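Chemist: Let the hints inform the model, and build the full structure from the sequences given.
Sequential numbering of the sequence shown, starting at 335, is according to the working numbering.
By construction, these hints were calculated from the structure, which means they are not laboratory data. Keep in mind that this is a model prediction, so the values were computed, not measured.
The following label-pair restraints were derived from C-beta to C-beta distances:
(1) Arg462 <-> Val390: 35 to 45 Å
(2) Ser438 <-> Val361: 15 to 25 Å
(3) Leu358 <-> Ile416: 13 to 23 Å
(4) Ala466 <-> Leu384: 37 to 47 Å
(5) Ala459 <-> Ala388: 35 to 45 Å
(6) Leu464 <-> Gly423: 17 to 27 Å
(7) Ala388 <-> Leu464: 33 to 43 Å
(8) Thr345 <-> Val392: 33 to 43 Å
(9) Val432 <-> Ala466: 33 to 43 Å
By construction, the Cβ of each residue, glycine as well, lies at the ideal position given by its N, Cα and C atoms.
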Amino acid sequence: MTTTTASRPRTVNQARVGAVVSVLAGVFLLFDAVIHVLRIGPVVESFADLGFQASVAVPIGILELACVALYAIPRTSVLGAIMLTGYLGGAVCAHVRVESPLFSTTLFPVYLGIAVWAGLYLRNAKLRALLAA
Numbered sequence: 335m336t337t338t339t340a341s342r343p344r345t346v347n348q349a350r351v352g353a354v355v356s357v358l359a360g361v362f363l364l365f366d367a368v369i370h371v372l373r374i375g376p377v378v379e380s381f382a383d384l385g386f387q388a389s390v391a392v393p394i395g396i397l398e399l400a401c402v403a404l405y406a407i408p409r410t411s412v413l414g415a416i417m418l419t420g421y422l423g424g425a426v427c428a429h430v431r432v433e434s435p436l437f438s439t440t441l442f443p444v445y446l447g448i449a450v451w452a453g454l455y456l457r458n459a460k461l462r463a464l465l466a467a
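Modeler: Right, dumping it as structure tokens:
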């Protein structure tokens with residue numbers, strides 16, 4: 335009994351921390367998706383800097399919204415994390431192509447991807463069990 339009681343608070347705390355990390359990453363990605371769909375000035379400028387036409391901002395924003403929605407739904411959160419990983423990998427590729435600063439710009443999607451997976455790992459016991467096997 336003592337073992338179960340001792341491990342339970344740690345699991346609850348892990349889930350809480352995971353939820354906070356997931357929400358923070360999700361809110362940032364949601365904000366990013368919305369400004370893509372709205373095609374605000376800085377988005378259009380950054381797309382031009384990266385060599386993309388402004389017309390692709392809306393489809394990319396919709397794709398990001400779909401990925402974030404899948405990530406936010408507990409049953410599809412792993413699929414959403416996988417799709418977000420691909421999405422963020424494309425962002426890294428775009429920044430590498432134009433030789434953006436490494437640690438501040440190019441690797442920022444990597445940092446965000448780590449937060450996505452860390453949050454999911456901490457809040458999803460099945461994923462922890464799968465990765466521990």
